[in-house]
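With the hints as constraints, model all of the structure from the sequences given.
2 protein chains.
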Amino acid sequence: MRPESRSMRDSILAAAVQLFAQYGYHAAPLRDIARIAGIQAASIYHHYPSKQALLVEIMETHMQRLNTSLEYILKETDDPLQRLHDAIANHIRLHTTYKAEFFIIDTEMRALEEEHRPYILGLRDKYEALLQELLLDGMERDVFRRSDVKIASYAMIAMCTEVATWFRPDGRLSVQQVITIYRQFITEGLLHTPEVVAHMPDGAGHLL
Amino acid sequence: MRPESRSMRDSILAAAVQLFAQYGYHAAPLRDIARIAGIQAASIYHHYPSKQALLVEIMETHMQRLNTSLEYILKETDDPLQRLHDAIANHIRLHTTYKAEFFIIDTEMRALEEEHRPYILGLRDKYEALLQELLLDGMERDVFRRSDVKIASYAMIAMCTEVATWFRPDGRLSVQQVITIYRQFITEGLLHTPEVVAHMPDGAGHLL
Chain B
224 MRPESRSMRD SILAAAVQLF AQYGYHAAPL RDIARIAGIQ AASIYHHYPS
274 KQALLVEIME THMQRLNTSL EYILKETDDP LQRLHDAIAN HIRLHTTYKA
324 EFFIIDTEMR ALEEEHRPYI LGLRDKYEAL LQELLLDGME RDVFRRSDVK
374 IASYAMIAMC TEVATWFRPD GRLSVQQVIT IYRQFITEGL LHTPEVVAHM
424 PDGAGHLL
Chain U
224 MRPESRSMRD SILAAAVQLF AQYGYHAAPL RDIARIAGIQ AASIYHHYPS
274 KQALLVEIME THMQRLNTSL EYILKETDDP LQRLHDAIAN HIRLHTTYKA
324 EFFIIDTEMR ALEEEHRPYI LGLRDKYEAL LQELLLDGME RDVFRRSDVK
374 IASYAMIAMC TEVATWFRPD GRLSVQQVIT IYRQFITEGL LHTPEVVAHM
424 PDGAGHLL
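Which chain is which? The protein sequence lines are B and U, in order.
Yeah, the first sequence ends on 431 if you go by this note's numbering, and it's all consecutive.
Yeah, the second sequence ends on 431 if you go by this note's numbering, and it's all consecutive.
No lab work stands behind these hints, which were simulated from the structure alone.
Any given hint could be a false lead.
Heads up, the list lumps identical chains together, so a pair's fine if it works in one copy or across two of them.
[As the list claims (entries may be wrong)] Simulated crosslink set (SDA-like; lysine to any residue; CA at most 25 angstroms straight-line):
| id | residue 1 | residue 2 |
| --- | --- | --- |
| 1 | K373 | D329 |
| 2 | K298 | R258 |
| 3 | K373 | A250 |
| 4 | K298 | A312 |
| 5 | K322 | T388 |
| 6 | K274 | R232 |
| 7 | K274 | L253 |
| 8 | K298 | A264 |
| 9 | K349 | G394 |
| 10 | K373 | Q355 |
| 11 | K349 | F326 |
| 12 | K274 | D360 |
| 13 | K349 | G261 |
| 14 | K349 | R391 |
| 15 | K274 | Q355 |
| 16 | K373 | R258 |
| 17 | K349 | E385 |
| 18 | K373 | D302 |
| 19 | K373 | P272 |
| 20 | K274 | D302 |
| 21 | K373 | R316 |
| 22 | K349 | A381 |
| 23 | K349 | I262 |
| 24 | K274 | L335 |
| 25 | K322 | D348 |
Printed below as a string of structure tokens:
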């Protein structure tokens, strides 16, 4: 592909991301995408055969990005808690960096035409399976409490995904601070646990 | 209002919920809503002035339902952990009972016209404020670990809301089982904690 075509494809994709996120897939006309990308409406078909092709490429690119990075964490790291920490950071970093793209993934699944649904849903299933592998391994090694692996993965994905909807780069907290708060929430929960026990002098445990 | 009007409004609302959830607000034509409700397209305006009025009523009804029930929990219960348990159960029960309605609330905020946005966003802010009141009170009374109250409320709402997207009444788990798993996840987190400490004979604490 010639460099100028690559760059035009990028402009069209960026315009599609902007309009799909702002108005929704169905409410975003292809002619407006072309206008924002700076080309004639008819010329857009030289680059993408349809609006649907744009949606599929946006979803595919970022879901694969998420999967590849989690696969890397599972491959490079062995310690279950470190893996969990890295997975949380990775999920939140990608969702705050590509806010609009992941918002589209989160809200436009039903806009996928039948022929593309299995492939895109397969990418989502893959991510869930990788996270479940991480959690199950941690449970089997007694680092994580035994619990329902599927539900735990859904809960984690939901809460970390939703950061994209409220996070503002110029807001009260940095991405790193949000990651730290989420890590503690996910690993320790809300309950105040009397950790003090382990640090008490011998014999003081009965005070609890 | 005559009883038959009330019942026709209910039919129209039910049809709108079905189509907004299935195709999205913008992709659901008012004439299809009328057809499913069993009336002429033109007659729908006797009951609702616009498609937007249907969206606002769906959102208002269920967001108020959520707020009223959480206000009741805060008023009737004092113990922070019991309040948290009740709030989780209430959120998940409403979101699994009114799946389509809360899916619309979750995905169609941007479809609200400017004049209705502040009111509906205000209902959402109200719910967040009530949950934050519950969490802050629990932290001040040392039942919950001190942490960022806003982030904790966002995380809880996101994970409990998302149950609506995957829960199936005929699935592997009952609503009550899902609630129990979520309660433990939210209160204790994923880490396997050596609870055994508190039950050890005096003096055994130093083994940890």
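Each hint, compared with the structure:
| no. | hint | verdict |
| --- | --- | --- |
| 1 | K373 x D329 | both (19 angstroms within a copy, 22 angstroms between copies) |
| 2 | K298 x R258 | neither (44 angstroms within a copy, 54 angstroms between copies) |
| 3 | K373 x A250 | neither (34 angstroms within a copy, 33 angstroms between copies) |
| 4 | K298 x A312 | within (16 angstroms within a copy, 38 angstroms between copies) |
| 5 | K322 x T388 | both (7 angstroms within a copy, 20 angstroms between copies) |
| 6 | K274 x R232 | within (13 angstroms within a copy, 36 angstroms between copies) |
| 7 | K274 x L253 | both (6 angstroms within a copy, 24 angstroms between copies) |
| 8 | K298 x A264 | neither (45 angstroms within a copy, 58 angstroms between copies) |
| 9 | K349 x G394 | between (33 angstroms within a copy, 21 angstroms between copies) |
| 10 | K373 x Q355 | within (6 angstroms within a copy, 28 angstroms between copies) |
| 11 | K349 x F326 | both (19 angstroms within a copy, 24 angstroms between copies) |
| 12 | K274 x D360 | neither (41 angstroms within a copy, 50 angstroms between copies) |
| 13 | K349 x G261 | neither (36 angstroms within a copy, 43 angstroms between copies) |
| 14 | K349 x R391 | between (29 angstroms within a copy, 21 angstroms between copies) |
| 15 | K274 x Q355 | neither (34 angstroms within a copy, 42 angstroms between copies) |
| 16 | K373 x R258 | neither (44 angstroms within a copy, 40 angstroms between copies) |
| 17 | K349 x E385 | both (19 angstroms within a copy, 19 angstroms between copies) |
| 18 | K373 x D302 | within (20 angstroms within a copy, 30 angstroms between copies) |
| 19 | K373 x P272 | neither (37 angstroms within a copy, 44 angstroms between copies) |
| 20 | K274 x D302 | neither (43 angstroms within a copy, 53 angstroms between copies) |
| 21 | K373 x R316 | both (23 angstroms within a copy, 19 angstroms between copies) |
| 22 | K349 x A381 | both (16 angstroms within a copy, 21 angstroms between copies) |
| 23 | K349 x I262 | neither (37 angstroms within a copy, 45 angstroms between copies) |
| 24 | K274 x L335 | both (10 angstroms within a copy, 24 angstroms between copies) |
| 25 | K322 x D348 | both (21 angstroms within a copy, 21 angstroms between copies) |
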